[in-house]
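For the protein sequence lines, the chains are G and Z, in the order given.
Numbering of the first sequence is given in this note's numbering, commencing with residue 872 and proceeding in unit increments.
Numbering of the second sequence is given in this note's numbering, commencing with residue 872 and proceeding in unit increments.
Careful: at least some of the hints might be erroneous.
One copy or two, either will do: identical chains are not told apart, so a pair holds if it fits within one copy or between any two.
With a straight-line Cα cutoff of 35 Å, these simulated DSBU-like cross-link-like pairs (lysine-lysine) come out [claimed, not checked]:
#, residue 1, residue 2
1, 1108, 1210
2, 1349, 919
3, 1306, 1296
4, 1349, 937
5, 1108, 1335
6, 1099, 1296
7, 887, 942
8, 942, 1264
9, 1264, 1012
10, 1346, 937
11, 1012, 1349
12, 1335, 1210
13, 1108, 1349
14, 1099, 1339
It should be emphasised that the hints constitute simulated quantities derived from the structure, not laboratory data.
There are 2 protein chains.
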Amino acid sequence: MTESKSYHMSPYEFRKQGRAVVDWIADYYENIESYPVLSQVQPGEIRKSLPESPPEQGEPFDAILKDIRDKILPGVTHWQSPNFFAFFPANTSGPSILGELLSAGLGVQGMLWAASPACTELETHVMDWLVDMMELPGTFKSSNTGGGVIQDSASSASLCALIAARERATGYASNERGCDGRLTVYTSNQAHSSIEKGVKIAGIGRENIRLIGVDDTFAMSPEALQAKIREDRQTGKIPCFVSATVGTTSSNAVDPLPDIGRICREEGVWLHVDAAMGGTATLCPEFRYIHEGLEYADSYCFNPHKWMFTNFDCDCFYVADRATLIRALSILPEYLRNKATESGAVIDYRDWQIPLGRRFRSLKLWFVIRYYGIEGLQYHIRRHVELARNFAKWVEESDQFELAAPVPLNLVCFRYVGGDEINQKLMDRLNQTGKLYLTHTSLNDRMTLRFCAGQTYTEVRHVKTAWKLIQETAKALKAEC
Amino acid sequence: MTESKSYHMSPYEFRKQGRAVVDWIADYYENIESYPVLSQVQPGEIRKSLPESPPEQGEPFDAILKDIRDKILPGVTHWQSPNFFAFFPANTSGPSILGELLSAGLGVQGMLWAASPACTELETHVMDWLVDMMELPGTFKSSNTGGGVIQDSASSASLCALIAARERATGYASNERGCDGRLTVYTSNQAHSSIEKGVKIAGIGRENIRLIGVDDTFAMSPEALQAKIREDRQTGKIPCFVSATVGTTSSNAVDPLPDIGRICREEGVWLHVDAAMGGTATLCPEFRYIHEGLEYADSYCFNPHKWMFTNFDCDCFYVADRATLIRALSILPEYLRNKATESGAVIDYRDWQIPLGRRFRSLKLWFVIRYYGIEGLQYHIRRHVELARNFAKWVEESDQFELAAPVPLNLVCFRYVGGDEINQKLMDRLNQTGKLYLTHTSLNDRMTLRFCAGQTYTEVRHVKTAWKLIQETAKALKAEC
């Protein structure tokens, strides 16, 4: 932004266009309820509106920003709409957006401590704060044997945990000689698909995952886990990794960590706890029971980019013993050698993750924690859980709908009393209205609707309107049959 | 940003604070030369300045922004300073920063086409544009058998390529049954450390990497590659992956793709081409010779977040046959099933990468291409190469310094005539001045200084001043000895 001419955006223009984008975003949030939540475009429609060739000459920024409204917005599914109840949320907030902006402006690449000490130290600091805020096990703190790091997603966190577990179980031989098909991995049949994906990536092989059965709350059976581990040992397998879930994707089920943890401890198997969605709830003391038994965990993750008003990507990943993780993932080529690294006095987060480079992601998390304070975060978590519980109550009281699973936190699994077909039709028709967006899962082999209350700006009025629309649409569908 | 109270940032405040952050960034760039390029803080110094406990109550945004200047900035190594000549750059620009801001504001999570069609389609569109802009092989286009996807980094791109290669070589058996220690991987002894890291992560084992020797330009020897592949086949190994580099990290060496490519084709081995840094140069026709032979590649990546004014993270990864990549990485749990996916008419980028979730990263890339135009991008690439060549000429003309490698693009490897010790001292003293930042490597077992001209705002005056300071500092050091 020095010496203009030469195609760069001048400081003057950056100020002007920066304001335009900030205002654009503020306008967007003020009008967000006017857009259909689920984009209604057909495959290929957005591309068709774009010029086939890239421009030879630069274009004015105004023209680009205009295209966002005219060409891009119709193809956006509005994750930040208060009527977004699909999947799990990826919520955000003003302070988070501005933290991301500042991170982009500073343009720091924090692969090494020396590459920007503040990028590493703020991250360690905020990760330690969260241990206190959520009363996580003390071993997760950087002042203890463990520590925390920001990953892009729970998928990547689980993969890092799996690699560390694989190496611990084989005395670091897999890193050296490769996997040999004997390692086994355990998770419930309700666990997130990223565990299976990680097992494939890590060269362990899908045949070596054991999908452990669940009880009638969709929580992992410790007895079945124990039996499977013993059986595998008897056939020469090497059990290395158990992934337990606190808040499964399908139904928010909470695996029994104390029992699973004791089994892992006795068997010497790495316990990873995936609380991607649920973890944030433990900002409130009354929800901390879901983490009971977490002291057995070798690793743990939760996603502020789901439910903590911090925009994607921001997964917080903790280990109880950082030495194992670092040994499993470290590399040190000559061109990255530096005095700070060799002193051993600093953290180089490149050895805590899959990629080498990294953004200054702790800024947005720090902004959110400071702007809301613990009090503000607790307020909103409680509000979301209450919204979900109210919705669940209405479902229970209705004779046309039924709950399909318990509602420990902010996800309601429910269905219209009727078969899968009418539930599928109901969901499709609701989503086509553009007035709300919800998605489905399968529980006990039955089509199940999921209603997750976790979007930043969802208020009681949105949930009431959604429930009314769901009831009316079901009634109309029934009348058609 | 609706219904204020309740801890959220109001639209009014978002506009106000958004402007403040935009102005902060503009001020930062206007004053960036006044900061020491390499942060001068000691380990732990930044953390010490931060409060030990997180705040119970929220804080005003002004207070947070004030801390950026007071507490964070001293710990920042200024990657965006025009005097940053270290590592490879991670350059950025006004349009890129505003693209990232807009992406954060929209808060879209694009794991599936349906989760925001525009997020997927704009990405495919811009990736296709770049095939045209750089004259990449036509197979990389989405209208052909292949396609492109944005990854966070070249490390992740290489890992995805490696997984696909592993599966192609074993008939997808590694995914099912795990690796078995027979697969082998080839790259030059100058290749980026991420290849070794990927091999460890993928369960192939470090013993199974062959670091192929190089010629006197530090480019891979095709003869040595051919011999090693044959030797491995004879001992029952399964050669599965060759990673060639266009612009190595140490010295910007360009591996001979035509010869390597022919060997890979004959041997049925996957060829990945890592052009993380160098690739961007091919926006200019006169540098396209570095991609000669790229038609043999099964996969390819380059990083707009290094040299194309697009802030980290943005790696462009292409495959010639998308079916193999997708089959190697795909997962489809019930809760992600949807009509668009099942129609087969859309791309779901979750199956092209390690994590599940993804940001709307194509926005910033689209902004950069449109704002600069092909012409503007070419102008700056040429300017950077010229800056590096001028610097190289000064080194050559000096009797105190020597070039340590050819200068094909924008990296100059050089050393003071004297041993490793004085070069180490020279680098340390230069970086301590805060007036510039450069890093080192090892070439032919000798300490080598690296000077990379690729920061967005580096002008001829910065390079002149740097060269003057390097000469004066060396002279002073010599006088002390």
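Now the hints, each set against the structure:
Neither within a single protomer nor between protomers do residue 1108 and residue 1210 lie at most 35 Å apart by alpha-carbon distance, with minima of 43 Å and 40 Å respectively. Taking the shortest alpha-carbon separations for residue 1349 and residue 919, neither the intra-copy value of 38 Å nor the inter-copy value of 65 Å comes in at or below 35 Å. For a Cα distance limit of 35 Å, the shortest separation of residue 1306 from residue 1296 inside one copy, 16 Å, qualifies, whereas the shortest one across copies, 66 Å, does not. For the homomeric pair residue 1349 and residue 937, neither the shortest alpha-carbon distance inside one copy (44 Å) nor that between copies (59 Å) is at most 35 Å.
For the identical chains of this complex, residue 1108 and residue 1335 are neighbours neither inside a copy (52 Å) nor across copies (63 Å), given an alpha-carbon limit of 35 Å. In this assembly of identical chains, residue 1099 and residue 1296 lie within 35 Å of each other by CA distance neither inside one copy nor across copies; the values are 40 Å within and 59 Å between. Taking the shortest Cα distances, residue 887 and residue 942 sit within 35 Å of each other both inside one copy (23 Å) and across copies (28 Å). In this assembly of identical chains, the alpha carbons of residue 942 and residue 1264 never lie at most 35 Å apart, being 41 Å within a copy and 48 Å across copies at closest.
Taking the shortest Cα distances, residue 1264 and residue 1012 never come within 35 Å of each other, neither inside one copy (40 Å) nor across copies (51 Å). In the homo-oligomer, the alpha carbons of residue 1346 and residue 937 never lie at most 35 Å apart, since the shortest distance is 42 Å inside one protomer and 56 Å across protomers. Proximity of residue 1012 to residue 1349 under the C-alpha cut-off of 35 Å is found in neither arrangement, the shortest distances being 55 Å within a copy and 47 Å between copies. Only between protomers do residue 1335 and residue 1210 lie at most 35 Å apart by alpha-carbon distance; the minimum there is 28 Å, versus 60 Å within a single protomer.
Taking the closest pair of Cα atoms, residue 1108 and residue 1349 never come within 35 Å of each other, the shortest separation being 53 Å inside a single copy and 63 Å across copies. When the C-alpha separation of residue 1099 and residue 1339 is checked against a cutoff of 35 Å, the pair qualifies neither within a copy, at 46 Å, nor between copies, at 69 Å.
Hints 1, 2, 4, 5, 6, 8, 9, 10, 11, 13, 14 from the earlier list are contradicted by this structure; the remaining hints agree with it.
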